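Q: Each chain, written out:
Protein chains: 2
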Amino acid sequence: MTIHEAMQAVENVMLKVINSDVKTLRDASHHILEAGGKRVRPRLLMLGYEALGGTDIESAAPVAAAVELVHTASVVHDDINDHGVVRRGRPSVNSIWGRTFALLTGDFLFTKVYELMGPYKDLNIVLAEATVALVEGETLQASAVKENNFTRQVYYEIIARKTAALFRAAGVLGARLAGADEKAVEALGQYGYNVGLAFQIVDDILDLTADTSQLGKTSGIDLAQGRGYAAAYAGNGQSSNGVAVADVVEADDGDPMKTIKKKLLKGDAVAEGQAQAQQLAHMAVASLDVLPASNAKQELIDLAWMVVNRDH
Amino acid sequence: MTIHEAMQAVENVMLKVINSDVKTLRDASHHILEAGGKRVRPRLLMLGYEALGGTDIESAAPVAAAVELVHTASVVHDDINDHGVVRRGRPSVNSIWGRTFALLTGDFLFTKVYELMGPYKDLNIVLAEATVALVEGETLQASAVKENNFTRQVYYEIIARKTAALFRAAGVLGARLAGADEKAVEALGQYGYNVGLAFQIVDDILDLTADTSQLGKTSGIDLAQGRGYAAAYAGNGQSSNGVAVADVVEADDGDPMKTIKKKLLKGDAVAEGQAQAQQLAHMAVASLDVLPASNAKQELIDLAWMVVNRDH
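From first to last, the protein sequence lines are chains A and B. To convert, take the position in the first sequence, counting from 1, and add 60; that gives my numbering. To convert, take the position in the second sequence, counting from 1, and add 60; that gives my numbering.
FYI, nobody ran anything at the bench for these hints, they're computed from the structure. Please note that a few of the clues may not be correct.
Since the list gives no way to pick one copy over another, a pair counts as held whenever it fits inside one copy or between any two copies.
Below, simulated DSS-like cross-link-like pairs (lysine-lysine); rule was C-alpha separation at most 30 angstroms, straight line [stated by the list, open to error]:
| hint | residue 1 | residue 2 |
| --- | --- | --- |
| 1 | K83 | K206 |
| 2 | K206 | K76 |
| 3 | K357 | K98 |
| 4 | K76 | K181 |
| 5 | K206 | K357 |
| 6 | K181 | K243 |
| 7 | K83 | K243 |
| 8 | K243 | K357 |
| 9 | K181 | K357 |
Model, not experiment: these values are computed from the prediction.
Starting from the given sequences, assemble the full structure and let the hints guide the process.
A: Printed below as a string of structure tokens:
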């Protein structure tokens, strides 16, 4: 198989599974899925599957589709909570259909995940636990914003759950589907986890430095995300407690994000985050040592570097 | 086993599974679960299980818990969309923790469902399909409100999906867990479906005629629900298209619900709905004919009548 064929199979599963006879759910799900997105999680899963000897695209594609649908559902719900109006270069679901239908579309996509996972008894729990972690991470983030207690440690706890857990699951699931031994499963899980952390750090930096048209999603106003990184990294080197968001925000009563950006760009906070993302990519690539050489392995290595070197 | 022991086991599973280390999710989930609720869906499942010879409470309780958590998650999300402030006699999750945390709490509960269902490979799909139907039903309802096109047919399509599908699944799951044959599975599924329809019709009537303190949840403002029934039944006998909500609402620019209530109580719309619920209960009880006599069977019969004769 080629990764291109595999990813096409994943798209086909997703488009088939969202084909509800309820027009709004079908339209809104198509809207968010057909906008594309990077598909980095299912790609990671399918490459891991192939790198460990898997050859049956049809048996792995539904699980990769389920992983991407978990992410997609969380994005739809995120945009409700953050009032995001642009996502994947298109108007967000909530901005077109309103909050009520966006909430239901997210529920629909989450529900389709366990319809897809139904037949995969032993793998079900892997994705379920990652999805719980994702929701917990989002909740920790919302709490940290509300209670104004972002520190670097809190920031890492948040991104480990809301992002790295699902990337880790993608690695574990790809390996398990290929029938790999525990050492290889653990290696791909570790790879996924570190790529996930790197992915989120880079995402947060881009959220602060790039503009909406470049990102294809609302930037800046994604305050919870931006604030977390800002507080975690603007406290760079000063204390393990980082810096309270309030300190960063209060300086400018006009546009808090502008103040955060100024502080970040003046210091070396962005450079430090980028260096940590690079470090995580190195660690991720190192975990792959136990895998035999293959095209798929090389593509996993490339994927790790793509994640940290991207500009959108 | 007694049904009391069985229901205690279901409670224990639910309380254990929501025990997240993320305080807000744990607190909000406890808040909504410990408020009680009627637990009619898991009760139906456990009684059906027992009526068909099941004796292992521990193997059936997690599935019954999953069914109740689907319902609970949908209730938490419903209250966001409907701005409900009272639920199960307590302030709703959104009214205490706000919309963002309520949305995440609902996601958390939905996700715990598939963690619970993980080991039940063949039964997974039954609950997944019912959950999809529930979300579709909620969406159809929101669409009907928005597009102002409630008819009696639309009303039935909505309540069949948003309520009867999950009741049906509870019946099917109880029978399957007991290892029953297809005839018995179908009988309990049919029983659940008709009890579910009756349950929702009675719920909608109570929503229009009872007050908040009696119901333990916000009444009246649950407009989507009230409107559906009103439009479906206020059109009683006149045409199969029912009556457009606008016709009912426009007559009083002060309080649209008051106008709907007046119209309903003046006509025989409430009496007609009650008669249909009774009819559905008769049909539900008739489906149980194929089951052998037992205490559990008698309790299923009582449950059907309790559902239609309740006043809250």
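Q: So which of those numbered hints doesn't the model satisfy?
A: 5 and 7
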